[in-house]
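Asks: Each chain is listed here by its residues.
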Amino acid sequence: DAGITQSPRHKVTETGTPVTLRCHQTENHRYMYWYRQDPGHGLRLIHYSYGVKDTDKGEVSDGYSVSRSKTEDFLLTLESATSSQTSVYFCAINSDREGDTQYFGPGTRLTVL
Amino acid sequence: AQTVTQSQPEMSVQEAETVTLSCTYDTSESDYYLFWYKQPPSRQMILVIRQEAYKQQNATENRFSVNFQKAAKSFSLKISDSQLGDAAMYFCAYITGSSNTGKLIFGQGTTLQVKP
Numbered sequence: 087d088a089g090i091t092q093s094p095r096h097k098v099t100e101t102g103t104p105v106t107l108r109c110h111q112t113e114n115h116r117y118m119y120w121y122r123q124d125p126g127h128g129l130r131l132i133h134y135s136y137g138v139k140d141t142d143k144g145e146v147s148d149g150y151s152v153s154r155s156k157t158e159d160f161l162l163t164l165e166s167a168t169s170s171q172t173s174v175y176f177c178a179i180n181s182d183r184e185g186d187t188q189y190f191g192p193g194t195r196l197t198v199l
Numbered sequence: 050a051q052t053v054t055q056s057q058p059e060m061s062v063q064e065a066e067t068v069t070l071s072c073t074y075d076t077s078e079s080d081y082y083l084f085w086y087k088q089p090p091s092r093q094m095i096l097v098i099r100q101e102a103y104k105q106q107n108a109t110e111n112r113f114s115v116n117f118q119k120a121a122k123s124f125s126l127k128i129s130d131s132q133l134g135d136a137a138m139y140f141c142a143y144i145t146g147s148s149n150t151g152k153l154i155f156g157q158g159t160t161l162q163v164k165p
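Protein chains in written order, with our numbering: chain W, 87 to 199; chain S, 50 to 165.
One thing to keep in mind: the hints can contain errors.
Stated by the list, open to error - Computed list of lysine to aspartate or glutamate pairs in EDC-like fashion (alpha-carbon distance at most 16 Å, straight line): (1) S/K152 - W/E145; (2) S/K152 - W/E165; (3) S/K104 - S/E78; (4) S/K104 - W/E184; (5) S/K119 - S/E101; (6) S/K152 - W/D182; (7) S/K152 - W/E184.
These are calculated hints, taken from the structure and not from any lab test.
Build the full structure now, drawing on both the sequences and the hints.
Replies: Structure below.
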């Protein structure tokens, strides 16, 4: 258990509405990540953060933004949700002590109607 | 660009027997790490085993072991004495060791069924 929680765990929303997912960690890890998981694609990186207010894009960043105002919290925002963003979203942290090993939160299932 | 390929969408094994899941990857780098993650129906991503590319010795964690063939860019997972609780989707993943970004690249996954 790497002390990672995600909220909400499930969310149903409508197309065009803004959505924010929260990832919270308790162990002061520098690196945090957001992935999405879709059938046939495994997990794909959306955005990542390497410190407070330091973020960068991943493989599938279009339509998403992130913020990190505190070490422990990493927020993922869908400014205007679309049905193609229906997915399971995972947050992860990078454990520098274990050679770049990543540990994952429990996931958030998001459905956009 | 680095890629990870799992060519077996589904596998099955009899309880107490051994099964091997395949993974190949493509990279031009010499410094990297490889992982196997397990995702049971609960959806939680659980680290199973980790291998550093610079180590020739294959990693082992209890009933789980890997066959790491660096020249062939192959990284298979062997599960011995399979148990019903091993039923899950398994993902192979790669991360470069030469970057601070720590971006994991995943394969498409293999669903393992364990038959009683």
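Asks: Of all the hints numbered above, which does this structure not satisfy? Sort the numbers upward.
Replies: Checked against the structure, the only hint that fails is number 2, while the rest are satisfied.
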